[in-house]
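Protein chains: 2
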Amino acid sequence: MNHIENLTRYIANFVDELSKSGLTDVVISPGSRSTPLAMTFAEHPEIKEWIVLDERSAAYFGLGLAKQTKRPVALVCSSGTAAANYFPAIVEAHQSRVPLLALTADRPHELRDVGAPQAIDQIKLFGDYVKSFHEMALPESIPSMLQYARTRAARAANEALTGNAGPVHLNFPFREPLIPDFSLENLWGEPLQEPYTIWHEGQKRLSDSFMKQFAAKLSSFKKGVIVCGPQVKEELAEAVSLLAESFGLPIIADPLSQVRTGEHATNNIIEGYDAFLRNEKVRNALKPDYILRFGAMPVSKAYLFYVKDHIDVNQYVVEHHEGYREPVGNPTEFILADSVSFCSDLLEEAPTIIAEDNEWLAQWKQMNEVVKKHIAKVADGSLTEGEAVKTLVEIIPDNSSLYVGNSMAIRDVDTFLMTSKKKLTLLANRGANGIDGMVSSGVGAAASGQPVTLLLGDLSFYHDMNGLLTAKHYNLNITILVVNNNGGGIFSFLPQASNEKHFEALFGTPLHIEFQKAIDMYGGSYYNPTTAMELKEALQSSYKEKGLSVVEVKTDRTDNFHWHKKLWSGIEHEILKTVME
Amino acid sequence: MNHIENLTRYIANFVDELSKSGLTDVVISPGSRSTPLAMTFAEHPEIKEWIVLDERSAAYFGLGLAKQTKRPVALVCSSGTAAANYFPAIVEAHQSRVPLLALTADRPHELRDVGAPQAIDQIKLFGDYVKSFHEMALPESIPSMLQYARTRAARAANEALTGNAGPVHLNFPFREPLIPDFSLENLWGEPLQEPYTIWHEGQKRLSDSFMKQFAAKLSSFKKGVIVCGPQVKEELAEAVSLLAESFGLPIIADPLSQVRTGEHATNNIIEGYDAFLRNEKVRNALKPDYILRFGAMPVSKAYLFYVKDHIDVNQYVVEHHEGYREPVGNPTEFILADSVSFCSDLLEEAPTIIAEDNEWLAQWKQMNEVVKKHIAKVADGSLTEGEAVKTLVEIIPDNSSLYVGNSMAIRDVDTFLMTSKKKLTLLANRGANGIDGMVSSGVGAAASGQPVTLLLGDLSFYHDMNGLLTAKHYNLNITILVVNNNGGGIFSFLPQASNEKHFEALFGTPLHIEFQKAIDMYGGSYYNPTTAMELKEALQSSYKEKGLSVVEVKTDRTDNFHWHKKLWSGIEHEILKTVME
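Quick note, the sequences are listed as chains H and W, same order. At position 41 of the first sequence (counting the first as 1) the number is 41 in the working numbering, and the numbers step up by one without a gap. At position 192 of the second sequence (counting the first as 1) the number is 192 in the working numbering, and the numbers step up by one without a gap.
Quick caveat, the hints were computed from the structure, so don't treat them as lab data. Just so it is clear, the structure is predicted and the values come from calculations on it, not from any experiment.
Capping the alpha-carbon separation at 27 angstroms, the derived lysine-lysine pairs in DSS-like fashion look like this:
| # | chain 1 | residue 1 | chain 2 | residue 2 |
| --- | --- | --- | --- | --- |
| 1 | W | Lys472 | W | Lys544 |
| 2 | W | Lys517 | H | Lys554 |
| 3 | W | Lys517 | H | Lys546 |
| 4 | W | Lys501 | H | Lys472 |
| 5 | W | Lys554 | H | Lys472 |
| 6 | H | Lys501 | W | Lys48 |
| 7 | H | Lys517 | W | Lys517 |
| 8 | H | Lys517 | W | Lys554 |
| 9 | W | Lys546 | H | Lys517 |
| 10 | H | Lys517 | W | Lys472 |
Non-contacting residues of chain W with respect to chain H, defined by C-beta distances greater than 10 angstroms in every case (computed):
| # | residue |
| --- | --- |
| 11 | Glu194 |
| 12 | Gly248 |
| 13 | Ala285 |
| 14 | His374 |
| 15 | Glu537 |
| 16 | Lys566 |
Ideal Cβ placement from N, Cα and C applies to all residues, glycine included.
With the hints as constraints, model all of the structure from the sequences given.
See the structure below:
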C-alpha cells in the first residue's frame, strides 16, 4: 500500500478508537508535522476539536476541560518547543490526577538529532510526569498495524483515566507527505464496530473483618475528626455526611472537597476551621483522638499546624488507589480503598450511633458558628478582597463551577465559602499550586458547556492572558473575577514583607497595567465595580450575558493584609471570649 | 552555626562566585521558596537583576540576553510549575548552544513527594536538555561547604559556556525561614578574592600535516563551495572571506552566519542562492566538487535540495567541538576544529591562489547579480511583506542587532538581507525554530544595551505578548516590526493550503485581534504604516525614541503567497534566460 493510504488508515483507526474509548474533545495547536493527527481529528464526526495557538494555554485548556468533564482530553501539537510548552500543564495534570493525552508529532528517525529543523528529542520528553510514554511506530496499514494503532489509542485513553488519573504521552514519527486521504473506503473501520478493547475497573474495598475491627476501634474513641481535603468524587459528600452524623463527628471540609455545598446533610460540616485553628490554645483544646482524612491535604495552613501539634493522634488517610499525601510527617495508617464504599462499609459496621450532639461535636459547631457570625457581619460596604469573594460565593449560580486561582483566591474562598444547598463544582490547580495557566484552565472548563466563574488575582490573570483568545474564538460563556491588587498580594502575609529594601521589587512586583485594554482586545465585556453592590450587579449581568465577561475589582495589597489581620484577630478574640472562657 | 547564617553564607558564596566567573545578569521570577537566591542576587553589587513574572518569558528573556552578550545568564524561580515553564527556552538553549543557568528553588527532601504544596519532582526536570544537572546540598557554612558552593557556581557558569555552550540546571533545597541576613561580616568572602576556580579553554586545531594534505586536496578540485550556516563567531566573516578569495570560491552565506554584513571583503558572498537554487536545472549546472560548511545547516530549503541532489559530492562540515548537524544524510567528513583557526591554517597551506575570477565563481556571481537586480526593482510602492522586510534591512541602524522570528520572517530576511558594510548582529531561535518566546528573546537581547530590532509575524507576537511587560518595566529600547497577516502565513506555501475544508481552521488560524490595544496597555509607541515610505518613517522615528516601539504592517496571506510566487518565478525566468541559455 502506498504512503498516503498507510498514513490515513493508521491515524484514522487510532483516532476512531480514541472516540470509541470515550474521548470527545481534542485541543489542537497548529503546525505542519502534526497535520495527519490534526486533520483526522477534525474529520472525525464524533470528536470536537478546539484550536488553541499557544501550546501552554492549549494544555491548560485541555486540563480544565478534563477536570470539568472527568474524561480524557487529547492534545495535539507539532514537533519542537511546541511540545515543551505542554510541560507545565502536564506537571499539574500529574500532580492533580487529571487524564490528558499528549499526542506529539515528530520527525521520523532519520531526521532526528542531525540538525534538521524543528526537531528535538521528544522521547520521554515529560520524564516521570506522565503515567506512560510510547513512541509510536511509523504509519502502516497492514491489519496488524491497524490493530496496534487501535490498541494503543484505547490503552492511552484508559491508562489516563484508570487508577490515579494522569497524563499519557504518545509520540508520532511522520514522514512527508503529511496530508491524509479521507476519500478512502471504510476510513473509520467497519461501520458500528465495537470498541476494540474495553476496560472494566474495580474498586478497592477492605475485607468485612477489617471494617468490623476498624469500626470498633473508631467507636472506642470519643473524639474523632473527619477531614475532606481537595477531591473530585461527587458522591463522597453524601456518604461522608451520613458517616459523620452516625459517628457524631465534625467534618473539616476544604473548599475543594466538593462537600461544602450540595443537597446532602451539612449539619456537621465545619467551614470556619481555618479561622479558629490559627490559635494555639484552640488547637490544643480541640485535640482529637483520631483524624480520618479523605482527599489531599486541605489548603488551610492552620489545619497543617493542627496536625503538626498532635503527632500522637491516630491519623488515617484514605486513598482510592495509591499515593503518599502526608506532608506533616506524622505517623499514619493509609487506607487504600474507594472513599465512598469505605464510608458506607464503615457505616454498616458502626455498632451504635454515638451521639448526634455530643460535647465534642458541639464544641466544633460552636466555634464554627462564632466564625460564621463574625464573617457575616464584617461587611462594611467597601469593596475589600474579602468582600469581593464573599459576594461572589453568595451569588454564584446554582449548577455551576467555580474555578479558583492559587495564592490569595483559594484562601479567600476557604474563608468565605459557606455550606449551602447550591450544587457547585469547585475546581483549582492544586497539584502544583502554580499561578500559570489559570485563564486557560477556566476557559477549558467552560468549553464543557457548564457555566464557569473563574476567580483569580492579577498576576495569575496576566500570566495567561493568552488564554482569553480561546474564549473569544469560541464565544465561551465564562465570568472572570480578577482581584487586582497590583502585584503578589500573598507576599504581604509572609516574612519577606518586612524587608524594605527588596520587598516591592522581588515580591510585591506591581504590574501597573490596565487589563481593560486586553479585555477589549479579546472582545470581552468589562466591569469595574467599586462597591459590593456594584460587584453584585456586575456579576449578575455577566451571568446573563453570553461570552467572556471580566469583572475587575481593584484593591490595595497593604489594606488587604490589614483587613485580613483584623478579621483573624477579631475572630480569635471572640472565640477566646465566648467559647474558650 | 545557626540556620540563617548557614543559609546566608552558602548562597552569598555561591552568588559571589558566579559573579567572579563572569556572570553579570540574573532573571528572577517572584516566588517564596526562591527567596534566598532572589534576595542575594539583588543584594550582590556586581550582578544586575531583571524581574520577569512569567517564567516562560523569563527564560526566553535570559536566552536573548545570553545570545546577545555570549555570557551565561542565570534564571531563578520558585518551586513547582514555575520551573516547568522554563522548559521551552531550555530546549532552545540546548539546540542553539546558549549558556543559561537554571537555578530552581525546591522544598527540602522531607517535603518532597508527600503532598506538600507547590512541591514537584525537580530532579533532572529538564532531562537531557541540560549539559549537567546537580542537586545542591542543603545550605551549610562550614568552610568545606562554602568551597563546595563556590566550586559548583564556577563549574555551572563555565560548563554552560565551554565546549558547545548550553543550559545547566542546579536545584536548591531550602528550609524555612528563607530570609538571609546581609548584615553578616565578610558576606561575600574575603575582599578582592580571586575567582575560586578558573577555566582555560583551548581550541581544537588539526595537525600541520593534515592541513597540508587537506589544502592540497581542495586545490585539486575546480569547483568548491563554502557554506556559512547559522553561527555566532564574529571573527569567522573575516577569516572565511580571505579563504574564499584565495581559493576563488563562492560563499553561500545564511543570514544568520554573521557573514553577510560587516567590514570584511564581501566580493565572494552569494546572498541570492535561495532564489536561484530553487530551479533544478540551476542546481545541476552548479554541481560542485566539494562543499565546505561552517555553522549549522542554512535556513534555505533550496540549499537543502542542492545538497540532496549531489550525494556524490565531498561534503566537509566544520564543528568547533562536537555535534552531528547533517540532516541530508549525505556522506560527510566532519572536521572538529575551531572555524577561524581552521580558515587561517588552510589559507597558510594553500599552495597557490587558484583564481580570483575563475569561471566557477563567475557563474555564481552572475546568478547572484540577477537575483539582486531583480529584487532591487520589485518595489511597486505597496507595502507587501517582502517590501516591509526589504525596507527594514535597508534602514536598520549600523551597530545594532536584528532578532528574527521563525516561519516567514527568517525566510524573508534570507531573501532581502544583502551584503553591506553595516555591522549587524543577526539573532534567531533556530535551535528548535519555535514561534514561542520571541518577544522576550528580543527584549532580552535589548537588555544588553545594544539597539535591537525584532522582526516577527503576528502568531509569534501573540504567543509571547507577555514579554512586552519587561520592555515596559525597564523601559528597554526595542523596535518590534510585526508583519500581521492574521494567521500562519507560511502554511499558504505548504501542501495543506489546497485542503479547503480544514485549511483555515487548522492552519490559517486567524487571530482577529487588534494588537494596538495590547501595545497601548504596555505603554509602547504604535505605528501602522500602509506604504513603504510610511514604514521607513515609522522605523526611523522608532529608532530615535526610547523604550518600546511596535510597528505593525498589516498584510494578506494569500496576496503574500502570490507575491512570493511571482518573485520566484520572475527570478527563475531571468536566470534561465540570461545565465542558463
